[in-house]
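Q: Full structure from sequences and hints, please.
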Amino acid sequence: MNREEAIKVEDLTVAYGEKPVLWDVDLTVPSGVLMAIIGPNGAGKTTLIKAVLNLVNTAAGRVLIYGEPYSKQRRIVGYVPQRGSVDWDFPTSVKDVVMMGRYGALGWIRRPGKKEADMALAALEKVGMSRFAERQISQLSGGQQQRVFLARALVQDAQVYLMDEPFQGVDATTERAIVTLLQELRAAGKTVVVVHHDLQTVPEYFDWTALLNVRLIASGPVSEVFTEENLRLTYGGRVSFLRHGERNGAPEDEKRTGERGF
Amino acid sequence: MKRGPEKGASDVDFPQIFSDLFLDYTLRTVALGSAVIGIVSGALGSYAVLRKQSLLGDAMSHAALPGIALAFLLTGSKMPLVLIIGAALAGWIATLLIISIVNSTRVKYDTALGMVLSVFFGFGLVLLTIIQKRPDATQAGLDKFLFGQAAALLERDVVTMGILGASAILITMLLWKEFKLLSFDPDFASTLGFPVRVLDVLLTTLIVIAIVLGLQTVGVVLMSAMIVAPAASARQWTDNLGVMIVLSSLFGALAGISGAVLSASVTRLPTGPTIVVCVSAIVIFSMLLAPRRGILWRFFRERRQRGRLRLEGILEDLYSLALEHKDPEHAHSLSVLRLMSAGKGGVERSLEILSERGLVRAVSPGEWALTRAGIEEAERAQGERGGGQDER
Amino acid sequence: MRRRRGLRERGAGDRMSAEQIEIQIIASLVAVTCAIPGVFLVLRRMAMMSDAISHAILLGIVLAFFAVGDISSPLLIIGAALSGVLTVSLVELLNRTKLVKEDASIGLVFPLLFSIGVILISKYAYNIHLDVHAVLLGEIAFAPFDRLVISGFDLGPKSMYVMGGILILNLVFILLFYKELKVATFDAGLAAALGFTPGLLHYGLMGIVSVTAVGAFDAVGSILVVALMIAPPAAAYLLTDRLPRMIILSALIGILSAICGFWAAILLDANIAGSMASVSGLIFLVVFLLAPERGLAAIARRKTRQKREFAGRMLAIHLLNHEGTPEEARESEVGHIEETLRWKEGFAKSVVGYSVKRGDVLVENGRLRLTEKGREFAGRSVVEEFIA
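The listed protein sequences correspond, in order, to chains A, B and C. Residue numbers in the first sequence follow this note's numbering, run continuously in steps of one, and reach 262 at the last position. Residue numbers in the second sequence follow this note's numbering, run continuously in steps of one, and reach 392 at the last position. Residue numbers in the third sequence follow this note's numbering, run continuously in steps of one, and reach 388 at the last position.
Where hints are given, some of them may not hold.
[Unchecked claim] Each computed SDA-like pair below joins lysine to any residue, with the alpha-carbon atoms no more than 25 Å apart:
1. C:Lys98 x B:Leu250
2. C:Lys98 x A:Gly142
3. C:Lys303 x B:Ser104
4. A:Lys19 x C:Leu201
5. B:Lys108 x C:Lys373
6. C:Lys123 x C:Ile71
7. A:Lys114 x B:Ser104
8. C:Lys123 x B:Leu250
9. C:Lys373 x C:Val334
10. B:Lys52 x B:Val102
11. C:Lys98 x A:Glu134
12. B:Lys108 x C:Leu201
13. C:Lys158 x C:Phe142
14. C:Lys123 x B:Thr267
15. A:Lys72 x B:Pro195
16. C:Lys344 x A:Thr58
17. A:Lys8 x C:Lys373
18. C:Lys307 x B:Ile99
19. A:Lys19 x C:Gln306
20. C:Lys98 x B:Arg292
21. C:Lys182 x C:Gly156
22. C:Lys307 x C:Ile259
23. C:Lys303 x A:Arg62
24. B:Lys108 x C:Val85
25. C:Lys182 x B:Trp297
26. B:Lys108 x C:Lys179
27. C:Lys98 x B:Pro195
28. B:Lys52 x C:Glu102
29. B:Lys52 x B:Ala281
30. C:Lys98 x A:Asp89
[Claimed, not checked] Partner residues aside, some chain A positions facing chain B, computed with beta carbon under 7 Å:
31. Leu53
32. Leu55
33. Thr58
34. Arg74
35. Pro81
36. Thr92
37. Gly104
38. Ile109
39. Gly113
Note that these hints are calculated values from the structure, not bench results. Backbone N, C-alpha and C fix where the C-beta goes; we use that ideal spot for every residue, glycine too.
A: Take a look at the structure:
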């Protein structure tokens, strides 16, 4: 696995007040993978992403993106926050929100112009939302809101994308559309890291995964680390709803699936 | 409370007001000053309301009182600029205190807000009573800051207010996209490399300036309304931040001018409260009548929708009956239709409306049938229901 | 305000005059009366409602005055209390339209009601003793002059009886509905499931707040009502976890604010209500800084201690994580620790020293090695975090 390292997390520890959320996490994300971060609630998945983005204070450790700290690399990082983190009644249009992805590149004071608007429309086209460009954001369904956030990350034109639960509360159509988009990004050589909840779809959607529960339990190719044992370590033996083998994964996976008789 | 053009009658004499507005020095100054306040607090209040800091305006205007008193005690000056700086500093300390109390203890935001508001104001009162014992102080000071005294505005004050207000608005225009992003999604702003804390401090400072500018005219107690009300009204009319801010400023100016003029032309009508009543009238008007969001608008839309659904339902009932009989124009009795609409009532009335539109016809009394146009309409309605799900 | 100067001449210096004692009794009554509903406002995150209600009651007083034509009629209290409840309902009505956010609804409702009140007074009642300043700022120095006289007997200041009555009302309300209030405050969902009606309780509480505000405004003004309702309970909240203790502490802090505030005002010859509000704020500030466990100083002390303990655990876990891996040699180098864990050099040294002293870690040839005890400690730490 001698690929370039897109994200390298070293000895990362984060604590909110007295409660540690991440303990001494070491994680390497190779360039060009589509990775799921999975783990139970309160495992620190969102915190990990926020730590990479320098949004939370770390107690120890550091994060490098292509060998440099985030502050030097923000132009090549795109971010999709949780949908619920903003007020969707804010008076602004879909196109406006998408253009916000260009604000960093524009720098201080300069306003977005025709170029930015065109980029926004192109990104909306990609997520199937171009009809909604002028619509007010409060009139969108949950899935549509999620697509708008994706479009905003797309116009950032990044190398590395960090997404916090992009499948949360979206309809099946949107979920398929998002997956297709993520796989396109990977095909274009981008690195995509996604906080994910639905264990069933991990082998189908992703090729790389990290299992997290305050500590890093395992990370690597899905076919190697998405094992029952690792999941039990992560979720504490509460995993009984797995459905492996939907994707032509590693042979031992299929064998084990057969044994369990799912 | 004395006002400039004292008039005996309480009747409002409109032509007189308009000529006064241009000719009378006091009224012109007061109206101009109130307009400036309305514009500035309308513009910056929009950010306060969108950032869910509506009540911070209330807290900061109360907290400004000790700042004003201390500025006067320390400098002995009554220059508006000196008092404004004092007020802004006190407002800032109050905000910092609120933030540090909320961040480091389990005391909640509303408690911290209410406490800082009342304690600062109480301390301001203590300082004011001390000031009043000084030989160079006048009794009028307290009045002025509690309820505002527009008539005491001088042209000089209005110029100061205008310059400060214009600078504040200019900064929001320069940092337009930064403030917009900060208000909508601060985390995202931070990942893009904008110094969120600095922007936050700057925007809050501008809001403090807007509040302090209005204190002399509207007063401590009521200034919070000038921050919240124009913005809350403007929000009802538009979904665009820029339009909202412009509208909010216009509403603020409108309330300021009409309040100032009314209080000048009617005896014993204090300026601050009159402005607040005017701005509240705009709020009520907007909430009731604004297209799309307004209460009346929503009420009528829902009624229209219910009516349309009922008509469509009857068309469909007739259509499905007709399908069963293999004769699209077969007539059916009213009682069957009543049964099918599950006792919702109004079937006859709906049938009459439909027949006026030429979609159904009465074959004989109590017997109704679809017309050719009605069949087409029913088919179209069904097709529509099957298709467009994604649209809302 | 001019009359207060007289008060000082009569009072301070020699010994407390009867008036001064009466003022302190009234102020203490107000403080206790405010503290009771205040505790629930603070716990239920509705502190700003006291601000809204205490302003809006002006309108109720004015309207009731127009109706009965007597400024000292007890009906005024009822009118004011009703306007307090009206404020609450209007705020909730606005919230339900979803046209504005909750904080904005409060900010829209009470300035309007207050403004109408001020306009009505200055327009139609300007020659009557219904002073807007008195409503806002109060003038407790005048309270002893308004006396209750029954068939020639002077029974003391009227406001003492008014506040006493309201205090009893508050106590009865709290004692009757203590259990319900407690459940509704800490778990509204459970309260509804148990069959209490949180809505009714809510309006009851708001009614109590209104009546208290009305009774107190005459004596101390609405701003002090807000201060006494919020600051003492907020301070008590940092001192105790138990509801009954919090109520009693709030009452005591309120009394302390009232009495200290009174003497400070006499000393400075300043507004009494403002001075009491300032003292209540000062008391909160002291508690905020010095409270055991929850004060800033205690938090800072605990943080320093915990930071080292936390770091010791981190060091142990770090060593455990890399034990037996190819990079172990490098990761356990003494000089390398501060680099990998991003610690300052001095801090890293003190953590290593701390861990060595605890017997978790040994230093061998410039490398750190976990002892058996340390390995167990690290393993346990990890497990603890799992469970937490």
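Q: Would you mind confirming whether the straight-line C-alpha gap from Lys182 (chain C) to Trp297 (chain B) stays at or under 25 Å?
A: violated (42 Å)
Q: Check whether the Cα positions of Lys303 (chain C) and Ser104 (chain B) lie no farther apart than 25 Å.
A: Distance ~12 Å between Lys303 (chain C) and Ser104 (chain B) Cα, so the pair holds.
Q: What's the verdict on Lys8 (chain A) and Lys373 (chain C), does the C-alpha distance respect the 25 Å limit or exceed it?
A: Violated - the C-alpha atoms of Lys373 (chain C) and Lys8 (chain A) are around 31 Å apart, more than 25 Å.
Q: Sort out whether Ile71 (chain C) lies within 25 Å of Lys123 (chain C), counting only the CA atoms.
A: Status holds; Cα separation ~16 Å.
Q: Any CB of chain B closer than 7 Å to the CB of Gly104 (chain A)?
A: holds (3 Å)
Q: Is the straight-line distance between the alpha-carbon of Lys108 (chain B) and that of Lys179 (chain C) 25 Å or less?
A: Holds, at about 23 Å.
Q: Would the pair Lys123 (chain C) and Leu250 (chain B) pass a check requiring their Cα atoms to be no farther apart than 25 Å?
A: violated (28 Å)
Q: Would the hint linking Lys19 (chain A) and Gln306 (chain C) be met if the CA-CA limit is 25 Å?
A: holds (11 Å)
Q: For the pair supplied as a hint, Lys373 (chain C) and Val334 (chain C), is the alpha-carbon distance within the 25 Å limit?
A: holds (19 Å)
Q: Are the Cα positions of Lys98 (chain C) and Arg292 (chain B) separated by 25 Å at most?
A: Cα-Cα ~13 Å, so holds.
Q: Is the hinted pair Lys158 (chain C) and Phe142 (chain C) satisfied, with a Cα-Cα distance of at most 25 Å?
A: The given pair, whose Cα atoms are some 11 Å apart, holds under the 25 Å limit.
Q: Measure nothing beyond the straight line between the CA atoms of Lys108 (chain B) and Val85 (chain C); if it is 25 Å or shorter, mark the hint as holding.
A: Within the cut-off at roughly 24 Å; holds.
Of the hints listed earlier, those the structure fails to meet are numbers 4, 5, 7, 8, 17, 21, 22, 25, 27, 33, 39, in rising order.
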